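Trainee: Residue strings, one per chain:
There are 4 protein chains.
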Amino acid sequence: MPASYAYLGPEGTFTEVALRTLPEAATRELIPYVSVQSALDAVRAGEAEAAFVPIENSVEGGITTTLDELVAGTPLMIYREVLLSITFALLVRPGTKLSDIKTVTAHPAAQPQVRNWLKQHLPDAAWESAASNADGARLVQEGRYDAAFAGEFAAARYGLEALETGIHDAENAQTRFVLVGRPARPAARTGADKTSIVLWQRDDHPGGLRDLLDEFATRGVNLMLLQSRPTGAGIGNYCFCIDAEGHISDRRVAETLTGLKRICLQVRFLGSYPRADVQPTEVRDPLPGTSDAEFVSAADWVARCQDGRF
Amino acid sequence: MPASYAYLGPEGTFTEVALRTLPEAATRELIPYVSVQSALDAVRAGEAEAAFVPIENSVEGGITTTLDELVAGTPLMIYREVLLSITFALLVRPGTKLSDIKTVTAHPAAQPQVRNWLKQHLPDAAWESAASNADGARLVQEGRYDAAFAGEFAAARYGLEALETGIHDAENAQTRFVLVGRPARPAARTGADKTSIVLWQRDDHPGGLRDLLDEFATRGVNLMLLQSRPTGAGIGNYCFCIDAEGHISDRRVAETLTGLKRICLQVRFLGSYPRADVQPTEVRDPLPGTSDAEFVSAADWVARCQDGRF
Amino acid sequence: MPASYAYLGPEGTFTEVALRTLPEAATRELIPYVSVQSALDAVRAGEAEAAFVPIENSVEGGITTTLDELVAGTPLMIYREVLLSITFALLVRPGTKLSDIKTVTAHPAAQPQVRNWLKQHLPDAAWESAASNADGARLVQEGRYDAAFAGEFAAARYGLEALETGIHDAENAQTRFVLVGRPARPAARTGADKTSIVLWQRDDHPGGLRDLLDEFATRGVNLMLLQSRPTGAGIGNYCFCIDAEGHISDRRVAETLTGLKRICLQVRFLGSYPRADVQPTEVRDPLPGTSDAEFVSAADWVARCQDGRF
Amino acid sequence: MPASYAYLGPEGTFTEVALRTLPEAATRELIPYVSVQSALDAVRAGEAEAAFVPIENSVEGGITTTLDELVAGTPLMIYREVLLSITFALLVRPGTKLSDIKTVTAHPAAQPQVRNWLKQHLPDAAWESAASNADGARLVQEGRYDAAFAGEFAAARYGLEALETGIHDAENAQTRFVLVGRPARPAARTGADKTSIVLWQRDDHPGGLRDLLDEFATRGVNLMLLQSRPTGAGIGNYCFCIDAEGHISDRRVAETLTGLKRICLQVRFLGSYPRADVQPTEVRDPLPGTSDAEFVSAADWVARCQDGRF
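One line per chain: the protein sequences are A, B, C and D, in this order.
The letter at position 135 of the first sequence is residue 135 when you use UniProt numbering, and the numbering goes up by one with no holes.
The letter at position 158 of the second sequence is residue 158 when you use UniProt numbering, and the numbering goes up by one with no holes.
The letter at position 69 of the third sequence is residue 69 when you use UniProt numbering, and the numbering goes up by one with no holes.
The letter at position 213 of the fourth sequence is residue 213 when you use UniProt numbering, and the numbering goes up by one with no holes.
Hints should not be assumed to be uniformly reliable.
In this list, chains with the same sequence are indistinguishable; a pair is considered to hold if it fits within one copy or across any two.
Stated by the list, open to error - Below, in silico cross-link-like pairs of lysine to any residue (SDA-like), each with a Cα-Cα straight-line distance of 25 Å or less:
| # | residue 1 | residue 2 |
| --- | --- | --- |
| 1 | Lys-102 | Ala-131 |
| 2 | Lys-119 | Ile-31 |
| 3 | Lys-102 | Gly-159 |
| 4 | Lys-102 | Glu-142 |
| 5 | Lys-102 | Ser-129 |
| 6 | Lys-97 | Asp-169 |
| 7 | Lys-119 | Gly-181 |
| 8 | Lys-119 | Glu-47 |
| 9 | Lys-102 | Gly-143 |
| 10 | Lys-97 | Glu-142 |
| 11 | Lys-119 | His-107 |
| 12 | Lys-119 | His-168 |
| 13 | Lys-102 | Asp-169 |
| 14 | Lys-102 | Gln-120 |
Simulated from the structure, these hints should not be mistaken for laboratory data.
Note that the structure is predicted; figures quoted are calculated from it, not measured.
Go ahead and model the full structure; you've got the sequences and the hints to work with.
Mentor: Take a look at the structure:
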């Protein structure tokens, strides 16, 4: 079997563009899947080496479908992440003018990112959801809708033209994608890393979540994402998907995970991997004593005390 | 203008069913709107007295569209909440058999609730999203799809029949709805209340979120929901939608809000209102000193000390 | 009865010198007592308006006799504090040379402050404790010992001369004295104040004392003294004498006291009074949201929310 | 040199009685010293193998002379502790009646333990301090005072008789003594151990001490003693002598020490040793996740994650 990567298809979406930014993608067969679930199932079944799916964007927050797949079922692990700036083009059949547009389509996730633009420029256009942005472009090609929001790169594939480009409601609109595989030894520490976990509380009581976050805070570990997800045990029952700065081989992170493992009902490790923004882990000012060197020398000191050499 | 309630339409959805459980709904004109946004805009514009929209369900967690509307724009306030158990019926044109079904539709929010059922009973059916579950039923009526997941109550309206009822992946599948209006004096304390707020941190540093949660924990206030939502300032920037036990007129809650207001960049009060589950606020064991009586007598003692009478 | 102040005698000690720095001392009869206990009992019995006693010094820490008297018995209250720099003179009968000195005396509290000086200059001199430094000077006058450590001001009174002055082991050796009276309305807030309390924990468990200190920390209240004292219930049972920055009429202090009163077994308020060092209460950097203005505006905001005006 | 133990003399005090309860004392030469300082200096100088001194009692709390010696100077280490119940006898020359007693003496530390008894039975007797309780007995023998408070065992040595025995103001009056030596590998863990340390804060800010105590609390480590001691840098500057439950080879204690070492300006390890009360370290209820087994399995889990085996 040639090594292959599954990805959330169809072809011609932002996901594929993001995937192709990974050097290793050049040497794999890239196979589109119809859903995040099916792409990840392909990994679980051993049909694909890894799957590439969106996990967070700056408008919608955590992508719940992806998070829910990582939270439940056979454990998977995040190997890499990619950040992609997202701007939409308004794709139409050649010759269409803005005033001709009565219906627009795109994946539902695109809607919040183009909502304001629509209000301003096409307040009367009817919105219909498409299965993907690429599929929306296809439906415009087929004449079913007048215009589709999609990446500009999709125009050529579907014989459309971009009436407008650079559409995005929020500045710095970005989507974060992850390459997910089966559990393995985490990628080597780079100094600019991120660790993803899922936490389930033992029970629900005042201060419960505070105590979990205290494990990070007392070691100076910064949180990058905290997204609650229903556990399935009824309304009000949540687990927490957390991204934290640093690598599991950093002592501050390893200690934090140890503490969490003790006090949580369950902890699922989702991997340590290089940050796409290549920002080195920062040890911040109000927390003296949380630098790498201080962690090491403190552990050494305790060992010396245990030996009577102090 | 007759008093009216806007609600997330169309007619014949779970939302309408939930709304009709409110006694006050009987005396209002109930007007369906095509989106959460438009229903809430109707309130902001003074066209409706209040709007009734879903805010959380046991499968998807917080309904992000609703939360995002409450987080931003002209402040609104939650007056009431309703809990509704959600089970789906598979609606088909009379005569359709399970083996005839090639395409199914429903609102995207229904998908995670019927996913497993589909895998087991209709593994090959193609899913297409509809604008609402009621709209999905209409599209089945029109012959566009073979079957729709919707509330059983929608069958009659669209001339369909329920091939299967009681479909829900998770036990205790429930959706929580809220009645939202313009800012007003909160409903009177009942002893079984909930307070909703949105918090923005001053800056992002280790321990930042822990410190916010500490304000709840030190007063024995239990959290019922913590949902992060993007602030729009780029990936990794979140505010927090929080539901806490208790009423703003409870000292423990008022003190907590005071503390949060001091240390947060911004706090948005979304209201105190009776809990739909009518569970009285519980003061839990590991936290002595957090009962109502202890809050009162402590404040009295400080006042006496200030007066020299101790 | 003319208004009188009791003080820890005898005459001619540092205590009397410190007492005379208080303007109000000029208009009172100043009566020496043989012990801290007897001076405070005079206040409790109504024989004296207030008592002036040492409470902390930079070498010995909290003066346990005084703290224990304030902790137990009929409640008293601190009205004022005085800081006095302490340096000793070595007092001898006229004509005595350093090499003549075989025995030295002073109050036991003086010993740690002159220990190093003794080791260096009179390594072979025998130390005998005196009931007070003034009493030591008297015993030298009577010829019982060769030299006494006392304030230079005591030389004249006992016909001695100072062989050496400015003796103190630690730089910045200071003693803090307090004027203690019966409970009354605390002195008005000056902006540079201190509040003294005693805390008893409900029970002894991991995190118990941390939780008490959390009440100060979350409001940005700095501690100036934390001295544990036995409760009398057996070894390992302690209460905590605490001095905190600020005045009970400061919201941050009043809120802290309210929180402590709730969660402690018992809290004894010992008064709010001007700091002798006249350092204004500082609101420190790592704790945004703890300024006076922020406390006030947060309380106002909660009141507005309660009224529906937000 | 025969192995010898220094102890706080003179002979015939509670200290000697306590020392003789240690089995190893039977095989050492026991040498009385005139002060805690001189006994500990003998250890530092290599003249004695260890020194036996009081460190805490149920009436006075921490014995500051001992704590200050352990806090400063060449590091020493606590090897063992002994608990002794303290009750005083009133020793007089044979024939003396209660009504004959005008003057009483004892070490100043005895005073708070007999204060109430004196008030009741000898309200008019004058108190003079002695260098030790044994020395007080000697002074009575010499006729200088009428009566001395001392251990009943001292009567025979000084030819006195006990007019009254079992005198103690507080129930459960106990003194804790420690055997102090040069740094060495700590005694083996017994499961009922105690660890002593001294902490210096980096700087003084709100929450500083809370953060130190948080290191204990988050690991479920209970405090048995917290005694502040002046650092010598002027009034208000304190370090903290702390006794905590458990042994440095317990993971919960080793982790706590590591955390403290990171965030403190300085930590001095004073030893791990068996508790004299033989109470096993208790892992308390409100802190799930702090049992020995949970510490071990959490560390194992992190190691497996680091290896990709999870």
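Trainee: As a check of your reading, is Lys-97 near Asp-169 (CA-CA no more than 25 Å) within one copy, between copies, both or neither?
Mentor: This pair counts as within: shortest intra-copy Cα distance 22 Å, inter-copy 46 Å.
Trainee: Reference check for the pair Lys-97 and Glu-142, CA-CA at most 25 Å: within, between, both, or neither?
Mentor: The answer is within: 17 Å in one copy meets 25 Å, while 32 Å across copies does not.
Trainee: Between copies, within a copy, both or neither: which fits Lys-119 and His-168 at Cα up to 25 Å?
Mentor: So Lys-119 and His-168 pass the 25 Å test inside one copy only (13 Å; across, 36 Å).
Trainee: Is the C-alpha distance from Lys-119 to Glu-47 at most 25 Å within one copy, between copies, in both cases, or in neither?
Mentor: between (44 Å within a copy, 19 Å between copies)
Trainee: When no copy is named, should Lys-102 and Asp-169 be tagged within, between, both, or neither for a Cα gap of at most 25 Å?
Mentor: Within one copy only: 21 Å inside, 38 Å across.
Trainee: Is it within, between, both, or neither for Lys-119 and Ile-31, if the alpha carbons may be no more than 25 Å apart?
Mentor: Between copies, since 22 Å is at most 25 Å while 36 Å is not.
Trainee: When Cα atoms must be at most 25 Å apart, do Lys-102 and Glu-142 count as within-copy, between-copy, both, or neither?
Mentor: both (15 Å within a copy, 22 Å between copies)
Trainee: Should Lys-119 paired with His-107 be assigned to within, between, both, or neither, using CA atoms and 25 Å as the limit?
Mentor: Both: 18 Å inside a chain and 23 Å across chains, each within 25 Å.
Trainee: Regarding Lys-102 and Ser-129, is the shortest C-alpha distance of 25 Å or less found within a copy, between copies, in both, or in neither?
Mentor: both (14 Å within a copy, 20 Å between copies)
Trainee: Pop the pair Lys-102 and Gln-120 into one bin, within, between, both or neither, using alpha-carbon distances up to 25 Å.
Mentor: within (14 Å within a copy, 39 Å between copies)
Trainee: Treating 25 Å as the Cα threshold, decide for Lys-102 and Ala-131: within, between, both or neither.
Mentor: Answer is both: 20 Å inside a copy and 17 Å across each meet the 25 Å cutoff.
Trainee: Can you tell me if Lys-102 and Gly-159 fall within 25 Å by alpha carbon in one copy, between copies, both or neither?
Mentor: within (20 Å within a copy, 30 Å between copies)
The structure meets every hint from the earlier list without exception.
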